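Turn these sequences into a full structure, and let the hints guide you.
There are 2 protein chains.
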Amino acid sequence: MRDFSQNHDWLSINTATIRKQHGAEVPLDRLIDQCAAHGVRAISPWRDQVAAVGLERIDRQLRAHGIGLSGYCRGGFFPAPDAAGLKVALDDNRRAIDEAKTLGAPCVVLVVGGLPGALDGKAHYRDLGRARGEVHDGIAASLEYAREVGMPLAIEPLHPMQAADRACINTLEHALDLCDELDPQKTGMLGVALDIYHVWWDPKLQQQIARAGRERLLAYHVCDWLTPTRDLLNDRGMMGDGVVELRKVRGWVEDAGFAGYSEVEIFSALDWWKRSGEETLATCIERHRSAV
Amino acid sequence: MRDFSQNHDWLSINTATIRKQHGAEVPLDRLIDQCAAHGVRAISPWRDQVAAVGLERIDRQLRAHGIGLSGYCRGGFFPAPDAAGLKVALDDNRRAIDEAKTLGAPCVVLVVGGLPGALDGKAHYRDLGRARGEVHDGIAASLEYAREVGMPLAIEPLHPMQAADRACINTLEHALDLCDELDPQKTGMLGVALDIYHVWWDPKLQQQIARAGRERLLAYHVCDWLTPTRDLLNDRGMMGDGVVELRKVRGWVEDAGFAGYSEVEIFSALDWWKRSGEETLATCIERHRSAV
Chain F
10 MRDFSQNHDW
20 LSINTATIRK
30 QHGAEVPLDR
40 LIDQCAAHGV
50 RAISPWRDQV
60 AAVGLERIDR
70 QLRAHGIGLS
80 GYCRGGFFPA
90 PDAAGLKVAL
100 DDNRRAIDEA
110 KTLGAPCVVL
120 VVGGLPGALD
130 GKAHYRDLGR
140 ARGEVHDGIA
150 ASLEYAREVG
160 MPLAIEPLHP
170 MQAADRACIN
180 TLEHALDLCD
190 ELDPQKTGML
200 GVALDIYHVW
210 WDPKLQQQIA
220 RAGRERLLAY
230 HVCDWLTPTR
240 DLLNDRGMMG
250 DGVVELRKVR
260 GWVEDAGFAG
270 YSEVEIFSAL
280 DWWKRSGEET
290 LATCIERHRS
300 AV
Chain D
10 MRDFSQNHDW
20 LSINTATIRK
30 QHGAEVPLDR
40 LIDQCAAHGV
50 RAISPWRDQV
60 AAVGLERIDR
70 QLRAHGIGLS
80 GYCRGGFFPA
90 PDAAGLKVAL
100 DDNRRAIDEA
110 KTLGAPCVVL
120 VVGGLPGALD
130 GKAHYRDLGR
140 ARGEVHDGIA
150 ASLEYAREVG
160 MPLAIEPLHP
170 MQAADRACIN
180 TLEHALDLCD
190 ELDPQKTGML
200 GVALDIYHVW
210 WDPKLQQQIA
220 RAGRERLLAY
230 HVCDWLTPTR
240 DLLNDRGMMG
250 DGVVELRKVR
260 GWVEDAGFAG
270 YSEVEIFSAL
280 DWWKRSGEET
290 LATCIERHRS
300 AV
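These protein sequences, in sequence, are chains F and D.
With the first sequence counted from 1, adding 9 to any position gets you the numbering used here.
With the second sequence counted from 1, adding 9 to any position gets you the numbering used here.
Hints were generated in silico from the structure; no laboratory data involved.
Just so it is clear, the structure is predicted and the values come from calculations on it, not from any experiment.
Worth double-checking, as some hints may not be accurate.
Since copy identity is lost for identical chains, a pair holds within one copy or between any two.
[As the list claims (entries may be wrong)] Straight-line distance between alpha carbons at most 25 Å, and here's what the computed PhoX-like set of lysine-lysine pairs gives:
1) Lys-213 x Lys-195
2) Lys-195 x Lys-131
3) Lys-131 x Lys-257
4) Lys-131 x Lys-283
As structure tokens, this is what we get:
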């Protein structure tokens, strides 16, 4: 297992972690400068943040700082109430893949979507099996294009509490079953983004991480589970502040062959997004060394 | 599949559903009178509610009304920081079993517990594997006594969002693995309480319900998953108001041989607990017929 205690070479910052500072949205170019100032070697930016500043400008800035990507957030949201909606989703995923290619990302993270409309409180249908079928077909179609351009897709199993509105793939086992079905040759073009927040509770986690192996483990995200958790989406904890056995799980991931970045992704409307970016980044670095 | 549309013979009311009315706690004897007035044939009461009125008094009242039990809430919470704490939990479960026996319950529902202390925001340890081991041992010990007195134990897999603080058994598969380990003969003394709120998202739900079979399906709880869900514990929805395919899942449960009560368990600090018990009960009955 790698020693993280001496430096933060393998720390990546998911830019959602610092997208709000003192409660206000901060543009991505400013976030990148802050990361550079803290010696952060990699980030994982969100599409809306990139679009707000401009893809080429962000690309140039990253190159100038020598900052790489640990992933690109995000594709997915495949299910839709009708054929037109399904096509819109596929087109959008194609654009996400193109953007990731421009930025030199190692993978596009897929938050696959749940019941269409549920995110707005009005599900168009309630058939979870249908949504999962549409996810299957959407990934299959996107994978064709991803293979053409050489951009791996990383399915992110989301916590079951987000099954209705954000992603109906909710266990690592389920994600790997889909990978095996769509990419049985393990070409490296389809795998998983393993976010510890979503999967830490799973009794089959160790077993399924071993099953995934290095071919399927395309990204690894960390934060912590707080007790109590006051919000289903935006109350994630800083590593070390919650109950997740971070070091144990990283051991499993590294035993399976993963040797990439440990990406910090903290949605925290109630705490970290109220603080300064400097404080959040400094704490991420300290906890990367002491807790991850 | 049974036809529920003509009556509510197979409706049970978990008394948590109406324990607060207009925001205020209502004693169990009053709740039982309300259920009787609505022609409810079965309830599932909570230990603290029973204790507040008195076990014998509740027993007499239930008999007078001809109201049966669909379960008794609850045993469990086995993990503890030390040997003394583990023993306290075993003693408490023994008392729960005795009370259930007095009331003629078909089973004691087990909310097995998570990381000890996490419910108060201060986990004594973070080793989920240890907690699961203590749950295993706690159920094994309680099962010995349950067998002696003839009171089945029903493990309730809780939603993964409650893994840290309330129950570290979080899938039906995991619960059934434990049943098979501790009661391989399927004596009927160990099974599961299947609450649709906790398991509706599970891609293996249909498969595992079939695996459970009538020997393991000791109780069936319904409510609905709301979008958005505003609280991890107390924002459950009335059947029909959320996204769960209630009828499909009841079909699976009945195909597996379950022919008991459909028990309504709604924790709803934000909605139903603010209304009158009459309105909540009348709505449960209507939805039992139209949505369950």
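Hint check results:
1. Lys-213 x Lys-195: So Lys-213 and Lys-195 pass the 25 Å test inside a copy (21 Å) and across (24 Å) alike.
2. Lys-195 x Lys-131: For Lys-195 and Lys-131, the Cα distance exceeds 25 Å both inside one copy (37 Å) and across copies (43 Å).
3. Lys-131 x Lys-257: between (40 Å within a copy, 20 Å between copies)
4. Lys-131 x Lys-283: between (30 Å within a copy, 24 Å between copies)
Of the numbered hints given earlier, the model fails hint 2 alone.
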